[in-house]
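Quick note on numbering: this note's numbering labels position 74 of the sequence shown as 943, and the sequence is numbered without any gaps.
Calculated from the structure, these hints are not laboratory results. Be a bit skeptical, because a hint or two may be false.
Only pairs whose alpha carbons sit at most 27 Å apart, straight line, appear in this in silico DSSO-like list of lysine-lysine [what the hints assert, rightly or not]:
1. 903 / 944
2. 944 / 1003
3. 950 / 894
4. 871 / 946
5. 894 / 951
6. 903 / 946
7. 951 / 871
8. 951 / 1003
9. 944 / 871
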Amino acid sequence: MKHRNLEILREHYINVPDFIVVDGKEELDLSFSKEELFAVRSSFEVEDNDENSFAGQFDTFLNINRRDVSFYIDKVKESYKKLNITNTASKVIVQEMIQSDYSGVIFTANPTGILNEMVIVAGEGLGCNIVEDKNFHNNLLLQCG
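Take the sequences, apply the hints, and build the full model.
As structure tokens, then:
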């Protein structure tokens, strides 16, 4: 799950914006942050593991005002129904929103099917602008093994 990977980064002293993980059943408590804007992100059990990549399959919402977070948690959970997968844990990450100067995405296997090649895509602004090909970006290909 994506939230576990964020926890691992934090355990290794990587600077990660503060976040909480919710399942949508508990009362929402945003006291972990004084920020007004949040990212509401998926963290589905089958997402981003060694066997599967569901990158871009579930909804993420950026720049969400504090008062609207609960609504967008429900929207993320609705996006889990797209794949019609049952009996899996579904959580949602509520994370402080960072207006980044630069962002990037890494594919540990090239999406074109070249499994021993990693792809790093990076550019200015938020990662969604890179993923949606809205900003100029650079691609770096790395041969593995």
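Tested hints:
| no. | hint | in the structure |
| --- | --- | --- |
| 1 | 903 / 944 | holds, 23 Å |
| 2 | 944 / 1003 | holds, 24 Å |
| 3 | 950 / 894 | holds, 17 Å |
| 4 | 871 / 946 | holds, 14 Å |
| 5 | 894 / 951 | holds, 20 Å |
| 6 | 903 / 946 | holds, 25 Å |
| 7 | 951 / 871 | holds, 18 Å |
| 8 | 951 / 1003 | holds, 25 Å |
| 9 | 944 / 871 | holds, 17 Å |
This entry satisfies every hint, going by the numbered hints stated previously.
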